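Spelled out from the first residue to the last, the chains are:
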Amino acid sequence: MTKSADFTNVSGVDKQGGHIEVQVIHNYLLSAAREMMRNLKRTAYDTIIYEIQDFGLGIYDRDCRLLAEAPGLAIFTRGNDFALRKMVEFLGEENIHQGDVILFNYPYWSSNHTLDVLVTSPIFFDQQLVGYAACKAHWLDLNQQDPGYCLDTTSIHNEGLVLPGLKIYKRGVRDQEVENIIRFNSRIPDRVIGNMNAQISCCRTGERRVRELVEKFGLETFNAAAQEILNHGERIARARLAALPKGTWSAEDWVDDDGVDKDTMLKIKVTVTVTDTEFIVDFTGTDDAVKGPVNLPLGLTEGVSALAFKALTTPDSPANDGNFRPLKVIAPEVSLVNAQPPVATFTIWPAIHIPEIICKALAPAMSEVVPACSGGEVVSMMGVGKHPVTGKVWLEATNEAVGFGGHAGGDGENGIMHLSEPGCRNNPVEVLENKAPLLIEAYYLRQDSCGAGEHRGGLGATRIYRFTAPGNAVTIVKKTKTRPWALNGGLEGDPNHIIVWPGTDREWRTGAINQPLQAGDVLISSAGGGGGWGNPLRRSPDKVLEDVRDGYVSLESAKRDYGVVIDTTNWTVDTEATAALRRERAGA
Amino acid sequence: MRISVDVGGTFTDVVVLDSATGTLRLEKVETVPRNPASGVLEGFRKADARFAEIDYFVHGTTLGLNALLTRTGAKVAIVTTRGFRDVYELGRTDRDTMYDFKYRKPKTLVPRHLRFEVAERLDYQGNVLTPFDRDGAVSVARQIRNEGVRAVVVCFLHSYTNPAHELAMEEVLRQECPEVSVTLSHRLTREYREYERTSTAVIDAYIKPIMRTYLDRLGSELRNQGYGGQFLLTRSGGGAMTATAAKEEPVHSVMSGPAGGAIGAAYLAELTGYRNLITLDMGGTSLDTTMVVDGQISVENEATVEHLPISTPMIDIRTIGAGGGSIAWIDDGGALQVGPQSAGADPGPACYGKGGENATFTDAALTIGYLDDRNFLGGAMGIDTSLSRVAIERLSGPLNLSLYEAAAGIIRISEAKITGAIREISVEQGYHPKDFALLGFGGGGGLVACNVAREIGIPTVIIPPGPGNFSAWGMMMVDVVYDFAQTYVTGLANADLAAVNELYANLEASGREALGRDGFAPQDCRFIRWAELRYEGQEHTVKIEIPDGELTSSHIPRIAASFGDAHEMQYGHQTKDPVEIVTLRVRAVGVLPKPKIAKLKQGTGDAGPAFKGSRAVYQSTLDRFVPYSVYDRFKLLAGDQVAGPAIIEEPSHTTVIHEGDLATVGEYGELVIAIFSTKGGIA
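Protein chains in written order, with numbering that gives the first Met the number 0: chain A, 0 to 587; chain B, 0 to 682.
Chain B extracted, bound-state conformation:
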């Protein structure tokens, strides 16, 4: 048995998979913000999971992220090179807002009086210009002790190339204040850019005490219940890490929650043969989108979380304020707008009856007939459509629109925003949307996926089984992953290959050691090498895969050529400029056995037995209601076909298929929807 538990802001999703039969059980319980561990255990109980029979527990948590958002992490101090304590506050000095003369940066995690300097200095090659001042360091450590700090970050200039001074500082801190946790910047990333490296280390230190307490508590509760299997956490850059590793380097858990969706998408890509996917995960407050290209999750190395950079690999997830709770409003110029403000879970959309007066996307979807008030969360949650109407009428009156025009307008404007975001994420990396399928999940993915795909020119929409719990489902499919990187700036043509080989060997040795600690046998370990290259003089780099084993001069032309191709793909051109290496990367993968996924029983092709009736859906182009056939997804069998206009319902999700679209149930229960296009019919 395997279990995965994805703790979200409102709900905790649980998936239990019987490894022998491949059958799934999906559950949702309410998240307990004050004591998330108890919510997780409640999830185990609700799913009737027998602790002793589970071998793998994979967990996604937003605990670390929430600590960042709400600024409730630990008191952290920074120790840095003399002359540079403001690097952390200055950051990169830029901002997103164009016209704000009173802009304030987000509140800093480390106030200036907790940023300390020690005399020491390396040059860019790691040579010592000023030796480490041990006496000064001792005095700094004592000040830190007196401040009652719980976590310390050490980030010295150029430590990515020579960590000796950071290690010396660690030793001083261990002696002087053994009770504080220490994060050395070079252990998390061996890449240059002092602000990004400091920020990465600060985030790690900031959430470390919270994550340790939580994982310790949850781990011991599980043991008390008789659990003896693996305890894994999904990782921001894809894959998973053991709870033990997460306690050491919690920075990798920041995007643990949304990572499940991307991991699941990559697995589904293999399973279904749709190897290029764009995800559309529409939740209550926002919408996440990411890409799977040729079965691989798209990972970026310069991510930010809440404007704070993290220079460890992160799944490239874009978020826009277009969720079920996104609020519709009228601006000062009299135009209808949707989002980015959200009614969240509380008070939530007007129809929840919790006092929310604003019309939201969900209210609009109810009003035009996309959603059924009797079937919201499988009927588990009572909602009131009349409250939605009242909220939308507050907007439709001033706009001189009918109630239904306004409601349909809210949906259309949301779709336009989502369409823009998805088109931008794909084309900016040089891809054409027609080569992708759109994977819709989360609470609202199926409501908008078909129209969004049509608008962008994506020929196929896929709605996975259990779309409301898809992130938790995805977590089942993880391998254990460690990422290592080393900045090493050198010309490619005349690179010292012995040095490069040695650096790769060192990175792999670190990976082998980490996987060994987790109990992986050598035959279950895989290593992937990359190099980030660029044209000399440029700042942006392109990551390309590097072959295994000893690099020789005969590899160089091939590496240069694949860099040129990748650069052309991503940036539209190649040049004759010399190429340089910037960063070497190794991903160490501990391969876990994959669960068997049950296939759905083959049907006759006739969806008739799943037919529940029909529902009127308002069509803005016709300005009238049109009947949509409603189907029960749980009664659909493999091979069954449903032609639009139709609605396919299941407890936590609704899929809307329009005129001309054709859904076919795949062998694992996924809905594969061919999208009708006026240009060429369905694909």
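If we strip away everything but chain A, and leave its shape as in the complex, we get:
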């Protein structure tokens, strides 16, 4: 199974102690990547970078293979690798020079929408290209159609300024003209330039650290160690792959709509084949590209597939290119998961769904390993308006926490950020109210939003907003029309949903909107609960009792879904009534 990759045979490293040297260099590279991250977070201008961690960064070898990354947004995993390769291909390696810093956000090549801009510093030592330090982060505005976020663009031409491998530094000299182009193509130029500078400083940090490393160990040793780091990453992945069941399985799931045609749901189909040497994710059968902005660049489709593969094989070790060598992604060019110019790609939410659809496909063979569906995606709510006290424009956003899916090992977690954004934090009530004309009326875990099961799903979070001044509510959510799936006989979770003007005759249950609201208007944002795992009639009655006592599960659900009868006067399970009810249910 293990590929021969004996480091001691690699030229450039003496046999004695070579193994240790690789580990020392690997640790150094990981620390350098973390230092890049700290540098980015330290110098960034926007909350979105240091609170939401909307970035992905790493150190690459000369062939654009990831050697070390730092934790950021999980959904950025591997997307940068694709982007870097495309960029070098486009520019030509011979046109990349020491001291250059390159900007890149052409979605079809850069693996995300236009506002996620990749900044890259090539690393040179002794006139030779050694590798790259690269960092992608969210820019707040590049003159895209709508401020904040776009839900209904129809081509790249209304998604903002494209930076096709533009050099902001050429051989160490800053190009003011490039900065001017950006500055004059943004609604908030200072913030955007500020964040760009933070990314540049982050890449320079990586560049400097790698140069020090090469200086210390020599180029030959560095290159040999880099290859061994990748081979080691591959060996771990292959060892874990060997333990997975072999076969082919399919699953599909639905995206609410494309943002333009609100009545047509879109199918994503995934067929996963696991062999002794490969893990193939095939999107054949997925709907064709659409008019609205939910099409996915290929690099993003590959990246989110890699996220699932990583979670299933090597979640416990730092990511590098070697980890992904057994992974193959097939995405038909006509489909919405392989966007071709000029289709719109702004609302990348379907990418968030894909890792879980891959788990869904594998569930029949790996029901002991994969969880049921979580709430399904990131439920984002953004408010924009003019503050009545300060007179200034305000923009505040928060991502709501879903329930995780139940799994063989236990219940899904309650109220936790979706698996695509592990480091993302919510926006506290007191902070929101200090910054925006909003009154949060309640913030809670929604009773019974969890899918029932022997191991139940987690509960999703709900936040109730009252606008105290006129403003716009922008909600970003694309899985509200289907419920989070269950596994092994569990029940589905309550889906994501948005309710505007609740309790009035205008009450409106919806998904993604950009809606003007008046002072006094109320909007409820609810993130989905996780699907259940296993027949709920097999859940221990004591656990059901505990859930009812804690109010996670209602008395009615206990009876209806779990067949458990509870005496609330002294908080005990009515064992006889429960046994009878469960017998009856099992027979039915």
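Certain hints may be false.
[Said to hold, decoys possible] From the structure, some residues in chain A lie toward chain B, with a derived Cβ separation under 10 Å:
hint, residue
1, R33
2, T76
3, E233
4, A236
5, S316
6, M381
7, G384
8, E429
What the hints contain is simulated information worked out from the structure, not anything from laboratory work. None of the values given here were measured: they were computed from a predicted structure. Using N, Cα and C, we set each Cβ at its ideal position, and we do this for glycine too.
With chain A's structure known, arrange chain B on it following the hints.
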């Protein structure tokens, strides 16, 4: 006489200082987890401390922290604003692990059915939107009584700006369930962010009954033995508090243990003139590092303990899993790894002979000759090097390395991890390591400090006297400290200065009152003011010192300028954006007399009399053993010099100095080691 006692997981360290002569006595006794107070008294006895002659007893304890780690604190209930009982469970919804689809949060300290809601609501300016529902509150208090809860937390939204409703709830609880202890969130922190404030209060309530029982018992035992002096506890944010204050607000004692090292480092910075220090405290299970900048301990205001936030100032201590007990292992890809799992104290490293089969850092250090099996803990603990070899051979075989290559590899990989952690802590705050000295202490600090310093580019290593007991030593140097803060979000340029002055005056009045209760005369009280500022629209803040006395509009440009400079230092840039005030802080310090530290006798410069012999140490770069001269630290005198390669031994610590490094004994007995660098020789 002063005594300090630092209770750790395995050992309780004791330092007794004779205030008249400045002489120190260092002792170690075993920690008694079931009855920590008896371990402390045993420490007094072993050090021959005469209770009646001691004026100050400073204590560091991990009791509160352990209660958190093992989830053995009190049954706590939370009372909060209607609609928000899940704030505590939701937290900030994030996690550290990137690829775990089945992640579970650490077990909550307060289950949902013990989180109660009362109708009341303030807006962000403290105006009442919904009045406090007293009848509802009474009914909640009765439910709490029926649940048999011992401690209650009250945290209402925006109570940092108007505590009236929390105070009203306290009154109801006092009437309805007088036996429970009550923690009001605004008393611990007047800062916004409801989850962090609730969490701070919950930690306080959770450990309060345990801490009260312990401090009461220890206090009465001490009194029975005739002790009449001060009884102080080190505090998470630096300084100390009286045992009485600790019983009221035990949340400040959570990092009481590691705080001693930082306090000691700050004192040593003054004493030696090395005013910038990075500490490297290598213990059995982990390694702690913190910074002293210009003689000041580095304090952060958004700390977490075991993933639970505490929004009171805490010394910024980073911990990584690289201790003496860290286990070496081979991963699925066939690579050697070290830590973060630790063999702990039991079974401990393989050489302990307590059944541990895993090779640890300590086993590697013994195998390559850094440590001497005859001198472990001054010979007090018998260890068996052959067991270390057996454990390491289990790894070296599959790795196709020799025994010694594998052992040296374990040390090198540990050093690489430590190097990364220390570089990250310094550069993330905008500092350059070359401006610092590395202070090595704890059981293993001296084994790795020189190589780590060389790797990072730190020119000097300092090993203090008594490095094995350094945290306890540091505790001797405390002042009594209280911290107060108030969130007050307002633009700096047009701030209502009368209001700001009044808030500072109130915070100082609280400090003066607290210090007065502890018996401090006004002339021994100091007040330090800070403000946390940020650019409008940002979330992160920068703390800057604010001058004493009445603030006038003429201060504003200076404050803005020093904020800009501090922001540039910490974040790499300044902007033209308007600046806003977020939080006002006051630290009240009750200054205690400092003990005299004895100077070491001046030597001739010749370390010869301390020479014990030589030991072979394996060098991976040469793949052979090289002789290191071994010295007895207790025989070294001020001014003596020891050139590497050398090993300096003392009962609970070993310092390894390599080729080209040069140690000079300082006037207080500290070893000041100039680190050889291939770039420029020794500094």
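Restraint check, 10 Å cut-off on beta carbons, for G384 of chain A near chain B: violated (15 Å)
Interface hint compliance - E429 of chain A to chain B, C-beta minimum distance less than 10 Å: Holds, because the Cβ-Cβ distance from E429 of chain A to chain B comes to roughly 4 Å (cut-off 10 Å).
Chain B contact restraint for R33 of chain A - C-beta distance below 10 Å: Holds, because the Cβ-Cβ distance from R33 of chain A to chain B comes to roughly 6 Å (cut-off 10 Å).
Closest C-beta approach of M381 of chain A to chain B relative to 10 Å, hint status: Status violated, d = 15 Å.
Agreement of hint A236 of chain A with chain B interface, Cβ distance less than 10 Å: Since the shortest Cβ distance to chain B is 8 Å, the answer is holds.
E233 of chain A as chain B interface residue, shortest Cβ-Cβ below 10 Å: holds (8 Å)
Hint check, S316 of chain A versus chain B [nearest Cβ-Cβ separation less than 10 Å]: Hint on S316 of chain A: holds, closest Cβ of chain B at ~7 Å, below 10 Å.
Hint status (Cβ of T76 of chain A to nearest Cβ of chain B, threshold 10 Å): With Cβ-Cβ at 8 Å, under 10 Å, it holds.
Violation of the numbered hints given earlier is confined to hints 6 and 7; the remaining hints are satisfied by the structure.
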